[in-house]
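Novice: Spelled out, the chains give:
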Amino acid sequence: MINELAGAMYTRLSGGTALTDLLASTTSIYHGRVPDGASFPYVVFNLQGGGDENIVPSRMKNLVLYVRGYSKTSQASAGSIDAQIDTLLHGQTLSVSGWVNFWTARESDLSGFEPMPNGETIWNAGGMYRIRLDKS
Amino acid sequence: MSAYSGSALAVQWVYSGGTVSLDGDFRSFSYSPSVELIDQTAGSDANRTRLVSIKDGNASLSAIMQASGTAITNALVEGTEGTLNVGPEGTASGKQKLIIPAIAMGANFSINYNDVVELSCDFTQNGARTDIVW
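Listed in order, the protein sequences are those of chains A and B.
Residue 5 is where the first sequence starts when you use the numbering used here, and the numbers rise one by one after that.
Residue 955 is where the second sequence starts when you use the numbering used here, and the numbers rise one by one after that.
In short, the hints are calculated from the structure, not lab data.
You may find that some hints are simply not true.
What the hints assert, rightly or not - Each computed BS3-like pair below joins lysine-lysine, with the alpha-carbon atoms no more than 30 Å apart:
(1) B:K1009 / A:K65
(2) B:K1049 / B:K1009
(3) B:K1009 / A:K139
Stated by the list, open to error - Chain B side only, calculated, beta carbon under 8 Å to chain A, not exhaustive:
(4) M955
(5) A957
(6) S1014
(7) I1018
Note that the Cβ used here is the ideal one computed from N, Cα and C, for glycine as well.
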């Protein structure tokens, strides 16, 4: 199921030209780990927590994904990426193979920066998104 | 003896339109038998005594609604007469089975903005319950 959800997230985010126009390339969207040397700006998402609901015999998932943008330009640049992510995810429906996505909503906002050893600063901005799925 | 969870519950609703399984997306199910009592206290009785009279009962189902699903709500239209076949431990051979003639009191919806839509239905017993095994 994680692979199917990751695929749906990539399809959703990479399909948003307003988002990809802000990134280094249309494929600068990564699940979990970013490859060494990847160009900025980019988007990273990962499964932060959650799992089965176990409230009905059929299968339901209640998951939280951390989705954020990274930029070497400014905090505002990372924030602009985050705004486009929000537009693509909050209240929208993902096409997750084998599952019905009936709830996708942003719950928490996060932003920060990382001073790098070479003196550069990398800013990030993003949010936690709760995604609920029902086995189709 | 050992405890068991409710996850194995089997509930079928047999009505004029066919048989539907109500356990596919159930959250809870309850059955409460009851009996009327006739007060026979009189005279100088110091303690109340009663006669057992008419038996009755009701059942209640709570389940998650499925998108575009209408089969269950159609089967539970208020006033629909049918029979509940209930298996608290499922339908394995030798497990408890309750057969309860009943009248559906209608499908109720509970719709919350940030939660799944829930369907509930009460059943009023409509005859004698039969206690057998599957």
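Novice: None of the hints should be skipped; say for each whether it holds.
Specialist: Cross-check of the supplied hints:
{"no.": "1", "hint": "B:K1009 / A:K65", "result": "violated, 43 Å"}
{"no.": "2", "hint": "B:K1049 / B:K1009", "result": "holds, 24 Å"}
{"no.": "3", "hint": "B:K1009 / A:K139", "result": "violated, 41 Å"}
{"no.": "4", "hint": "M955", "result": "violated, 24 Å"}
{"no.": "5", "hint": "A957", "result": "violated, 17 Å"}
{"no.": "6", "hint": "S1014", "result": "violated, 16 Å"}
{"no.": "7", "hint": "I1018", "result": "holds, 5 Å"}
Of the numbered hints given earlier, the model fails hints 1, 3, 4, 5 and 6; all others are met.
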